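A.B. asks: Next come the chains, spelled out residue by residue.
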Amino acid sequence: MTRLSAAFSKSHSALVTFITAGDGDTAANLDALVAGGADVIELGMPFTDPMADGPVIQEANIRSLNAGTTTADIFAIAAAFRARHPDTPLVLMGYANPMTIRGGEWFASECNKAGVDGVICVDIPPEEDPELGPLLRSAGIDLIRLATPTTDKARLPAVLDGASGFLYYVSVAGITGLQQAAQTSIDEAVARLKAYTDLPVAVGFGVRTPQQAANIARVADGVVVGSALVELVAEHGSNAAGALRDYVASLKHAIVAARKA
Amino acid sequence: MTTAEPTPNSFRNQPDERGHFGQFGGRYVAETLMPLVLDLERHYRLAKTDPAFQAQFDDLLEHYVGRPSPLYYAERLTDEVRKTAPEGKGAQIWFKRDELNHTGAHKINNCIGQILLAIRMGKTRIIAETGAGQHGVATATVCARFGLPCFIYMGAKDIERQQPNVFRMRLLGAEVIPVTSGAGTLKDAMNEGLRDWVANVHDTFYIIGTAAGPHPYPELVRDFQSVIGKEARAQMLSRTGRLPDMLVAAIGGGSNAIGLFHPFLDDKDVAMLGIEAAGHGLEKEHAASLAGGRPGILHGNKTYLLQDEDGQIAEAHSISAGLDYPGIGPEHSWLKEIGRVRYDSVTDVEALSAFQLLCRTEGIIPALEPAHAIAAVEREARKMDRDQIILANLCGRGDKDIFTVAEALGTVI
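Chains as they are written, first to last, in UniProt numbering: chain A, 1 to 261; chain B, 1 to 413.
Isolated chain A, as found in the complex (with noise of 0.2 Å):
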């Protein structure tokens, strides 16, 4: 079983916590989500091109890069954490260009060198999956799929196609941290993607309170919360530990007593 299996298979719902990496003490900051509760962590690849991600986690990019973070700095970071956390999943997140510079193989085996668990990688859909998927694959990386709203039965069985780990649910058509999706819609959703696979799913965008949070663990396999933490490290810079921890655990907290239907 491997650690992504394992934090899916728990009785209740994954809570799967974002932040950026580079952003603030990351090392703290990752301490404090495992500590809080967190089941899955994504570590964000800042970019100077976001363009999937709303202005919180622009900025955590800004703030990240003005700070000289490199992709050194992030795999030192990841690695680190599986030094400190054996059993955390750790899945990276970012866009193709500093995935894909020096070549996918080279990625692909930093990643397995770092401890990483899996790969979400923004701007690679399913067409251009020869760039980054097959080679991590290869090197026991799972490959992350996002499924969105306008993703139909046409189009599902190509976006699980070399999907593993667990399934993305990006419950708005839209950027990271804006707008909410109706709870009917991510109900209706989640059961319409578990006909189609046995991979976990997990719902995120959007997502920031531990009421929404429960409502959500109530049907799908995780839930993603990422600008509602990123927010935190902007109020608190480099001192956001504490204040993470504590927001995860009420999260967390929500999450269990919710307990999945």
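No lab work stands behind these hints: they were computed from the structure. Since we're looking at a predicted model, the values are computed, not measured. Just to be clear, a hint being listed does not mean it is correct.
[Unchecked claim] One side only, chain A facing chain B, incomplete, derived with CB under 8 Å:
{"hint": "1", "residue": "F75"}
{"hint": "2", "residue": "L146"}
{"hint": "3", "residue": "T151"}
{"hint": "4", "residue": "V170"}
{"hint": "5", "residue": "G174"}
{"hint": "6", "residue": "I175"}
All C-beta atoms, glycine included, are put in the ideal place defined by N, C-alpha and C.
Given the coordinates of chain A, work out where chain B should sit on it, guided by the hints.
C.D. replies: Same frame as chain A, but now just chain B:
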């Protein structure tokens, strides 16, 4: 039309069915956009072979845009260049006058094509990005013509240096949305355009202004702009009985250049020269992605990009807002790699000098974008024989740039 049909050994049969020009191009977009991009491709395939669509496109180009644009022999500029050229040298300089189009640039050709596609697809809201404002004006123009709401993303820095075009867009009923992220230029405007599109997929059509972005945009923009090269080829044959020896065009994203070049790609004796913006110089800040960049993925396609070793995108610089972009259309990257087109660059200073030269010798105020091509024409014509022909695309007029030029020349107006 005398243009040869593509053959299996043609340079004119790209991209492949997945939208790749060799290793370049493709569809690197978020999953939310992928179904739309596929839908756009389906509709474009149908439109491309629909005589009614082509007839409507042609009719609007003739009666609304004012095509065909003239092919003009620049006699005094030719004489001027010959004065300082070696004995017997100094090619005849010709211009394709796309600055005479309605709205003052080649951009409208593409906008007419894309808005007809948008209407065909039942889209009711139009968005676009703009750098110099020419594409924004052209988009606002076709939106007014067809009664569709129009939202233009424009970098805050570009808004400042292109005020006349901002006012034009507003007069035409468009909402101009300032973009302050990044450096506040074309790249950032494109990011915001993509963010809008992903949030409004159900009703919105994104009119991309250059031959870049996810497939099928590079192909369809090229096809719509190819009217430039098709006309120029036929006009040159009818006026001189021969083809030009060299084509020259300025390149930001590269739509005017690919529009001129594409119909000539299989004419093996026609040399082609694409001119990137060297800004302050290639060793300093510039916008020459082919000269100073390497392949990467941005804005939906793989192409040459200005970037650092980690793949972070660099800010471009050019005095010309329309060339101020750290990437280039993927077909140009391919044409460079296979060697069919030569690419070179021209600095801000050289472009300013060529701008003034054309004003004085021909009574034509060019935009700063084609001023880059004109600087290269001067350079190249000097090396060519007097019976040779060099043809450049005068892709825009300079009214929008007079404030920038005045400032650069130290004049207050």
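A.B. asks: In ascending order, which of the hints set out earlier in this document are inconsistent with the structure?
C.D. replies: Hint 1 alone not satisfied by this model.
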